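Protein chains: 6
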Amino acid sequence: MSMNLEEKTWPQVEEYLKSKKSIIVPVGSTEQHGPTGLIGIDYLSAWEIARAVGAKTNTLVAPPLCFGMAVHHMAFPGTITLSPATYVQVITEIIQSLTQHGFEKITFINGHGGNIAPLTTAFCQAKQGRETCNLQLINWWHLPEVTAHEKTIYGDQNGFHATCGEISVTMFTHPEAYSKIPKMTFEPTKDRPHWPMAPFEFRQTFPDGRMGSNPALSSEEHGKVLFKLAVDSICQKLE
Amino acid sequence: MSMNLEEKTWPQVEEYLKSKKSIIVPVGSTEQHGPTGLIGIDYLSAWEIARAVGAKTNTLVAPPLCFGMAVHHMAFPGTITLSPATYVQVITEIIQSLTQHGFEKITFINGHGGNIAPLTTAFCQAKQGRETCNLQLINWWHLPEVTAHEKTIYGDQNGFHATCGEISVTMFTHPEAYSKIPKMTFEPTKDRPHWPMAPFEFRQTFPDGRMGSNPALSSEEHGKVLFKLAVDSICQKLE
Amino acid sequence: MSMNLEEKTWPQVEEYLKSKKSIIVPVGSTEQHGPTGLIGIDYLSAWEIARAVGAKTNTLVAPPLCFGMAVHHMAFPGTITLSPATYVQVITEIIQSLTQHGFEKITFINGHGGNIAPLTTAFCQAKQGRETCNLQLINWWHLPEVTAHEKTIYGDQNGFHATCGEISVTMFTHPEAYSKIPKMTFEPTKDRPHWPMAPFEFRQTFPDGRMGSNPALSSEEHGKVLFKLAVDSICQKLE
Amino acid sequence: MSMNLEEKTWPQVEEYLKSKKSIIVPVGSTEQHGPTGLIGIDYLSAWEIARAVGAKTNTLVAPPLCFGMAVHHMAFPGTITLSPATYVQVITEIIQSLTQHGFEKITFINGHGGNIAPLTTAFCQAKQGRETCNLQLINWWHLPEVTAHEKTIYGDQNGFHATCGEISVTMFTHPEAYSKIPKMTFEPTKDRPHWPMAPFEFRQTFPDGRMGSNPALSSEEHGKVLFKLAVDSICQKLE
Amino acid sequence: MSMNLEEKTWPQVEEYLKSKKSIIVPVGSTEQHGPTGLIGIDYLSAWEIARAVGAKTNTLVAPPLCFGMAVHHMAFPGTITLSPATYVQVITEIIQSLTQHGFEKITFINGHGGNIAPLTTAFCQAKQGRETCNLQLINWWHLPEVTAHEKTIYGDQNGFHATCGEISVTMFTHPEAYSKIPKMTFEPTKDRPHWPMAPFEFRQTFPDGRMGSNPALSSEEHGKVLFKLAVDSICQKLE
Amino acid sequence: MSMNLEEKTWPQVEEYLKSKKSIIVPVGSTEQHGPTGLIGIDYLSAWEIARAVGAKTNTLVAPPLCFGMAVHHMAFPGTITLSPATYVQVITEIIQSLTQHGFEKITFINGHGGNIAPLTTAFCQAKQGRETCNLQLINWWHLPEVTAHEKTIYGDQNGFHATCGEISVTMFTHPEAYSKIPKMTFEPTKDRPHWPMAPFEFRQTFPDGRMGSNPALSSEEHGKVLFKLAVDSICQKLE
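Chains as they are written, first to last, in the numbering used here: chain Z, 24 to 262; chain S, 24 to 262; chain R, 24 to 262; chain U, 24 to 262; chain H, 24 to 262; chain P, 24 to 262.
These are computed hints drawn from the structure, not numbers from a lab. Hints may be right or wrong, so weigh each one.
No copy is singled out in the list; a pair is fine if it fits within one copy or between any two copies.
Once the Cα atoms are required to be at most 27 Å apart in a straight line, the calculated DSSO-like pairs of lysine-lysine come out as [said to hold, decoys possible]:
no.: 1; residue 1: K41; residue 2: K260
no.: 2; residue 1: K41; residue 2: K203
no.: 3; residue 1: K260; residue 2: K213
no.: 4; residue 1: K213; residue 2: K44
no.: 5; residue 1: K43; residue 2: K203
no.: 6; residue 1: K79; residue 2: K203
no.: 7; residue 1: K203; residue 2: K44
no.: 8; residue 1: K213; residue 2: K79
no.: 9; residue 1: K128; residue 2: K213
no.: 10; residue 1: K213; residue 2: K43
no.: 11; residue 1: K174; residue 2: K128
no.: 12; residue 1: K128; residue 2: K203
no.: 13; residue 1: K174; residue 2: K206
no.: 14; residue 1: K251; residue 2: K213
no.: 15; residue 1: K43; residue 2: K206
no.: 16; residue 1: K43; residue 2: K174
no.: 17; residue 1: K260; residue 2: K206
no.: 18; residue 1: K41; residue 2: K174
no.: 19; residue 1: K44; residue 2: K247
no.: 20; residue 1: K174; residue 2: K44
no.: 21; residue 1: K213; residue 2: K247
no.: 22; residue 1: K41; residue 2: K206
no.: 23; residue 1: K43; residue 2: K247
Owing to the predicted nature of the structure, the values given are computational and were not obtained by experimental measurement.
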């Protein structure tokens, strides 16, 4: 049964809170993912995984925050970014809204590496007062079950951005979108000289947007397995 | 064909920008909508309408900003709000991201009355410099075609929040969610003493969250008509 | 008798608050008003109307906030603007100061269209907590009595900025200032292509600062009537 | 001839800027001034002095910023304060507006001690870039001519807030307002234990709002002399 | 030879920049470190290590930022914290100052875990524009050489806060301070229930301020070795 | 005995607070001080003086804030500045941290003129609530004992920046650093045209960074005397 907050009424949430204080918030980004990856990969993957986890564990799932901290991708059209400071503030206020209603465990399922530092910063910002809330950050692509399997199937070609893994996961969840993207072959990319990079540095170094990945290896079948590994791993963590 | 930004690649967006500079951004809220309305009504309705408009007019549609300025609904569990000042900043940065890529016409399709003032404020904030961008705000429930039809079918029972119209539209777009919500009958509500109201004032005055509406009148069939009226009206505006 | 806060002592205000919790705050702008309109029209008109209303209704009137959100007029010398975000914050703090003293009804009499969105945003900002204060925004030039009379005397030449009506009102309140401004005749202006406009766009489109108005029609006599209509209308609203 | 910016048109300002780059901005506060002093003393005195200086030196005078940094007076009804941080931002944006039009010398005539630190802070904030503007702060009550004369007529009873001098100046400029305030006699006040004081500390220490002054000594005649001393002194500084 | 920026003149820095664009910034915190650890451990250790690295590599070392993001330690007297948002802003402005002078490689040597997320957030904030600067974060206690040696000498008693290692390092650099602190023995601490923790949660869970460490194992001799390991490791990274 | 907060443990601070509520915070800047003055003069002098005062009066001394409001020195390499607004916020949060622990008297010993306005602004910011804390600002170079002695030994050649006095004080506290700086002779500098100055204006007017000083007159012996005068004077104030 759907546990999506947006499909509930407020009395249903009031009822839920009588027995359970936990909620999942999917966060991602709207940013370039190389020549063959969807711009929405980061929030789409986090959202789909969050919904599957919510359904299996009977945990409410908030709507996604579709925009993230993607400053370094701004030299590629289609990327939308919040500044780091604003992102910290938005996450802080989402937490404050939820704790005000009595939620005591908020699990952020995150699909974008650039969000990690501002998310963690926001958690500290939100914990300055007397809130007793447990804040948890799960970066699905960092889960050991996921990285181990990616290692097996992609070796050292998974990369750091527009990875084989995240493209596979969204091939599984959004096959129709990928059906309109032509197949390509890829050369290896340069190494990154330092991090973080300014937008123009990023595009100079990684002209097609990939960082070390070979997305030609991605497939819907891989995605199906990785998706299940992520969902199962998170379900275990939540219990 | 889908025109959803999240399902495109960045080279597809780069190509699009060669011939068209227009994009739609759906914005809404995650907030209580009375005992029988979905918490996600405002962003779900805006998003669905935006996608239909995008498909019909071949205009890109950004992912939705699911969280809005819903301070006054915070006494009802499930509501998530950004502060007005933060909302202004988020919208400003979304606009700046898009103008930086060369978009010159940004149409916000909005599903929530509380967003109007901060959206307009953000537009002014974004136009302080030399951007030549055309910023347009369309509140779908304010479209004359929509309000005229609502008047015909609901008379003076459409209300101001959790309206018959917006509930009908989401009955049409999300029938499965409504199938789990029990039917109810409703008494008239009090008048609002002043506006805006603090969260506790709102709940004291409107204990079930409705403002003047009789959602028992809503139906999927109404929603289908209203949805089409909104989409057609916006398509005309965009051309 | 003068009800101007700046001409009172604090014990007089303390006494006043024992029987009445209402105060008026005039807000406007310092910005160009075409070749023959005063730069101070927006705050001067709001202030004069506020003082007359205060005197007739025995309601305290705060000093005016002379600076508003006038970003779009910044290509004309003499305009002074606050950024939208700062304006929101200033209004929020004025409200907080007044509610802290026990004022429960704060009526902003506004003379500038550009202030409406940030004023409304500030009202929401101020109502995030437990204040029970009634916040009311009255845009004097939007009052039905005023617009109806303007329609009668100016037809479709009243315009949207540097309007015949607001110039007339300040001709009535500040005749000596107008005596130093040479009379002119005016051509129709272009339509505005979109809104809001960046400063340079505004001046390109409206090179003399007017938007659709024919200020040659303005007169002190008109101003006297419009002023009285506005004052009487607001007095009724306050009671 | 009036040099008030609010009574000019933008072409008049454009003309003025061809030969002169100087403008005066009066700033003050809306705050308690003891049992017999006007709440508006600080901005009224600064504004009247500024207008007189402007008229004598043919220098434009902006409208006043009527609200200042008056946090410490907030335990007395009628006081309206901006937070220090907001005040800094407002002054910064007023400066930026003026330098954008080509003003190169901005003289703030100030009537409130609490504004000095945030004004100076704002000056530094505004000078971070490449503006060549000369920013000048004149606290009229600190002018040596003024303090010397106050010493002569009030000895050690002038005080630090609600001073004999500033009350006298506004008795001269606003006699009608003082005609409605009953005469009183005053006891000496306590010394201030430290500075700055929180609102409640201030009222505990100075229960009627005065700090060391004996306003019974104030008179319209004194005010006339002090006003002239201030105006003449500032005129000399400007030339 | 000392490479401390504070002991240089500006012409010496100008000269330095002709041949080298690198600078080290030590950052730490002022916060409780259990019953026997110095409040200054985090900035003292980072500063001393930074100075030694600077001297060995002829790299300039900025003065330390002694205050960090220590919200969670605020229930212990002596802790001074910046809010996460302010910390992000301070680091951003330090970077902007340095890049403005032409520094192209800025290495932050950090002594406090709580700083990592806001430091990383600030790096992204600083890289929004066209700066080509290489920003590097080195958490000295995370260096593999350091953690390996700590594992050898402390096993699983090094802990997560007020660790044996950081206390040892400052025993080596500040023996005189430790000579005034009585020796103690320690019980194991509880596990942390979640992270981050609010100040009151932290003190309830860890009443003496330690997190899993047994500082009785610390010694000046250990500190000497760990200090050298950290310095050598960082020197290698810089070259 | 050392009273440096960074060399204490939290139980020592807890014990201290049982009998004394006072703490000293040294603040300065990292900025150019002419061709022969150390970049760290402002914080080094304030810190050394603070430590001596702390030791003599048994008052805790916090670590220094080494970075100040030095915008106007940014055209000289090695200067690091916080923006005025950020500096206000940092000081506010340091005060809030200390009052939260029960400190009731916080004395800032300051070594930099540019900090005075934002420090005072921050004090007001911190006193908006119910804190009873006594906040005191001591600018050591403004102490009458110090300025009188400087007048005697330097006449009118002490200057306003990179003064003979502050260079002498740091020659006394940091002789080794000065031993590496070549001796120079100096021409008089121009007068400053206005204040504050933008960075480029400052360097144009004062190309070597001095403002009216002749640092060739400075000596370690002078510094020893001035240091003692400052310390003794502050000790008296604190008692």
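Hints, verified against the model:
Taking identical chains as interchangeable, the C-alpha atoms of K41 and K260 lie at most 27 Å apart only when both belong to the same chain, with a minimum of 22 Å there against 45 Å between chains. Within a single copy, K41 and K203 get their C-alpha atoms only as close as 46 Å, which misses the 27 Å cut-off; across copies the closest is 19 Å, which meets it. In this assembly of identical chains, the alpha carbons of K260 and K213 lie at most 27 Å apart only when taken from different copies (20 Å versus 36 Å within one copy). Proximity of K213 and K44 under a CA criterion of 27 Å is satisfied inter-copy only: 24 Å between copies versus 46 Å inside one chain copy.
With identical chains, the CA atoms of K43 and K203 are at most 27 Å apart between copies only, with a shortest distance of 20 Å across copies and 42 Å within one. Within a single copy, K79 and K203 get their C-alpha atoms only as close as 32 Å, which misses the 27 Å cut-off; across copies the closest is 18 Å, which meets it. Taking the shortest alpha-carbon separations for K203 and K44, only the inter-copy value of 22 Å comes in at or below 27 Å, while the best intra-copy value is 42 Å. Taking identical chains as interchangeable, the C-alpha atoms of K213 and K79 are never at most 27 Å apart, the minima being 41 Å within one chain and 32 Å between chains.
In this assembly of identical chains, K128 and K213 lie within 27 Å of each other by CA distance solely across copies; the values are 20 Å between and 41 Å within a copy. Proximity of K213 to K43 under the C-alpha cut-off of 27 Å is restricted to the inter-copy arrangement: shortest distance 26 Å between copies versus 48 Å within a copy. In this assembly of identical chains, K174 and K128 lie within 27 Å of each other by CA distance neither inside one copy nor across copies; the values are 32 Å within and 33 Å between. Taking the shortest alpha-carbon separations for K128 and K203, only the inter-copy value of 26 Å comes in at or below 27 Å, while the best intra-copy value is 40 Å.
Taking identical chains as interchangeable, the C-alpha atoms of K174 and K206 lie at most 27 Å apart only when both belong to the same chain, with a minimum of 23 Å there against 49 Å between chains. Taking identical chains as interchangeable, the C-alpha atoms of K251 and K213 are never at most 27 Å apart, the minima being 32 Å within one chain and 34 Å between chains. Proximity of K43 to K206 under the C-alpha cut-off of 27 Å is restricted to the inter-copy arrangement: shortest distance 25 Å between copies versus 46 Å within a copy. For the identical chains of this complex, K43 and K174 are neighbours neither inside a copy (37 Å) nor across copies (40 Å), given an alpha-carbon limit of 27 Å.
Proximity of K260 to K206 under the C-alpha cut-off of 27 Å is found in neither arrangement, the shortest distances being 37 Å within a copy and 37 Å between copies. Within a single copy, K41 and K174 get their C-alpha atoms no closer than 43 Å, and across copies no closer than 39 Å, so neither meets the 27 Å cut-off. In this assembly of identical chains, K44 and K247 lie within 27 Å of each other by CA distance neither inside one copy nor across copies; the values are 30 Å within and 36 Å between. Taking the shortest alpha-carbon separations for K174 and K44, neither the intra-copy value of 36 Å nor the inter-copy value of 39 Å comes in at or below 27 Å.
Proximity of K213 to K247 under the C-alpha cut-off of 27 Å is found in neither arrangement, the shortest distances being 30 Å within a copy and 40 Å between copies. Taking the shortest Cα distances, K41 and K206 sit within 27 Å of each other only across copies (23 Å), while inside one copy they are farther apart (51 Å). For the homomeric pair K43 and K247, neither the shortest alpha-carbon distance inside one copy (30 Å) nor that between copies (36 Å) is at most 27 Å.
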